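S.K.: Got chain Z sorted already, so can you dock chain V onto it with the hints?
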Amino acid sequence: MEIITTIINGLSIGGIYAMIALGYTMVYGIAKMLNFAHGDIIMVGGYTIYVTMNLTGHPLIAIAVAVVFCVILGVTIEKVAYKPLRGASPLAVLITAIGVSYLLQSLAQIVFGSAPKMVRIADMGSLKIGSLKIQVYTLVTLVCTIIVMICLTLFVKLTKTGRAMLATSEDKAATQLMGISVNRIITITFAIGSALAALAGLFYLLKAPSISNTFGSMPGIKAFTAAVIGGIGSIPGAMLGGFLLGIVECISYKIPIIAPYTDAIEFLILIVILLVKPTGILGKRRREKV
Amino acid sequence: MKLKKFKHYYSTFIITAIAVIFTVFSAGIGLEKSTIYLLEKIIIAVILAVSLNLVVGFLGELSLGHAGFMCVGAYLGGKFSAIMLPNLGNSALNLIASIIVGGLVAALCGAIIGLPALRLKGDYLAIVTLGFGEIVKSIFQNTSRESFGGALGLETPRFDKEQLFIYAFIALIITLLVVTNLMNSKHGRAITSIRDNEIAARATGINVTKYKLYAFIISSFFAGVAGVLYSFSNYNIQSSKFGYNYSIEILVMVVLGGIGSINGSIIAATLITFINTEFATILTGNLAVLQNLLYAIILILIVIFGNSPALESFREKYDVKKLFAKIRKNDPSTINSDEAHWDKIPTKISMDELFSLDVTNNDQNSVLNIQDKEGK
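These protein sequences, in sequence, are chains Z and V. Just so we're aligned, residue 63 is where the first sequence starts under my numbering, counting upward by one. Just so we're aligned, residue 20 is where the second sequence starts under my numbering, counting upward by one.
Chain Z extracted, bound-state conformation (with noise of 0.2 angstroms):
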């Protein structure tokens, strides 16, 4: 019974990372950057609801407000640091990133302090089957994360924007001169980037609910981590390289001997996947050409 416990945890943990990851591998797949601040709208979704719930006192205001402030501030932020190099070298895209997630770091340190904050959104109590015992939030978590991927995937794979967006990862000049915007399309990415991390935010705090400056970037390395892992700018691939992490990291916490290397063996996960399989597990392999 312990098993299944853990199994559910860990794609429940697994959901959230999978959320995450869909932000990075999806603004790869379209804007072919690496996104490092993804991690830190987490953090600001979650300082959001801290807020919104100490105002208002009610969860779902607090996550409506969330998801549209953390939009606002991810389109922000692709308008103002990311377009102005469209077409520079990847390295300074990503550079620009991280210097992007430092100042929202700093920023967040100054407006809140570096103590952590407690936020307390709902308490759910736990579930009794039999003999298993389950946490409430982690089924609300897993619940709510696969219904948002199928609408994802759904969107993607029926709506005229989303076939859009899976053209402009395939080609983007071609995609330009079928008369799609791209710069359109890349604003869109970041809006549902940024509302997913917004949610991330909310079912991180839903686990553990303090929040400090540094919040969304340790759920930010390991989903990055995941989206590698199932292969970065391959939607099907974020979510299966999500919940394989999720699960490994609450199967690992369960054996006293490597849990205290949780997070080494995730990595030696990635390190080896990819020496195995160089674009990761769903990843598709391009040709380079001269």
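Among the hints, erroneous ones may be present.
Below, in silico cross-link-like pairs of lysine-lysine (DSSO-like), each with a Cα-Cα straight-line distance of 27 angstroms or less [as the list claims (entries may be wrong)]:
#1 LYS145(Z) / LYS234(Z)
#2 LYS52(V) / LYS260(V)
#3 LYS222(Z) / LYS94(Z)
#4 LYS141(Z) / LYS336(V)
#5 LYS145(Z) / LYS336(V)
#6 LYS179(Z) / LYS260(V)
#7 LYS145(Z) / LYS94(Z)
#8 LYS316(Z) / LYS234(Z)
#9 LYS180(V) / LYS52(V)
#10 LYS234(Z) / LYS339(Z)
#11 LYS229(V) / LYS339(Z)
#12 LYS94(Z) / LYS346(Z)
Read the hints as simulated data drawn from the structure, not as lab findings. These numbers were taken from a predicted model, which means no experiment stands behind them.
M.R.: Below, chain V alone, put in the same frame as chain Z:
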């Protein structure tokens, strides 16, 4: 080692001169403890920045785990010196031996991490090095008290504080000599050619695999050396310091100094470490964040200014280097040549255009000047 051109070694000579001055001062009137500590910090930062620049600037691969190599060097070097303490005592020999051991172990790690680098590139390599840094940190954090100190950190022997900075200076000068000489040699040109165009480099017969590994190993060796110096300078090392943020801090030094410029790295590392230390006394508590905020803004502005395609004409107009070149007569960059940019194979039509008289090099619309904006 054959020193080819004197002008490449300006910075090395200047630093040697500074080292001599400080040594004479400390022998004569003595230096304050805080000054010596600051000096050591600056030297360590410069070694780190210069060695990272080898990978980021010259090889063109992003490494986000430089602090990881430093961590390996710091722990292994520190442990080695502690083991050798009964035999060698707190002597200079112990210091030198542990620097070499720490550097070599870090270089070994560089080789292990460099091997995936042969298969991966760009963003993937960045995440692997990031993962490596976190793995190293996590492993050292969970060692037992007897082996590497675990969460409490590793104690290192107390080397004579008055003299450590002299050895640090020597290590720095050796680093500079090796890196400068390497970059001005055949091997260095091979490494930069991989950065500029890997496929073309391979086609020219350069062993890309070998040179990538080469750059990685040398870079991590010096990171390890810096780590050993760090452990001797601080007596106690904690693995939590060598996280992702520290790697980024080194990267910021390299970027602010100018990617691919050794002198720039030296200046930026010196300035940033100096300002950091000075700020730490002025800005305390929550105000200390202002400094990070400032760095972040400066970093973003510099990168956008330096790389934005839209600002290209602006950059050309106010290029400091060209301004200097104009002052110097007969500098090759001031001579307007009719040479074409051969980064695209010209077709017959563009060849006609090239050989016709009205094509000038400054013509933005010329077929031959269209550079591949998408990268290599």
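S.K.: Compare the structure with each hint and give your call.
M.R.: Here is what the structure says about each hint:
1. LYS145(Z) / LYS234(Z): holds (15 angstroms)
2. LYS52(V) / LYS260(V): holds (23 angstroms)
3. LYS222(Z) / LYS94(Z): holds (21 angstroms)
4. LYS141(Z) / LYS336(V): holds (26 angstroms)
5. LYS145(Z) / LYS336(V): Roughly 22 angstroms between the alpha carbons, so the hint for LYS145(Z) and LYS336(V) holds.
6. LYS179(Z) / LYS260(V): holds (24 angstroms)
7. LYS145(Z) / LYS94(Z): holds (12 angstroms)
8. LYS316(Z) / LYS234(Z): Answer violated: LYS316(Z) to LYS234(Z) is near 46 angstroms, above 27 angstroms.
9. LYS180(V) / LYS52(V): holds (8 angstroms)
10. LYS234(Z) / LYS339(Z): Holds - the C-alpha atoms of LYS339(Z) and LYS234(Z) are around 26 angstroms apart, at most 27 angstroms.
11. LYS229(V) / LYS339(Z): Holds, at roughly 21 angstroms.
12. LYS94(Z) / LYS346(Z): holds (14 angstroms)
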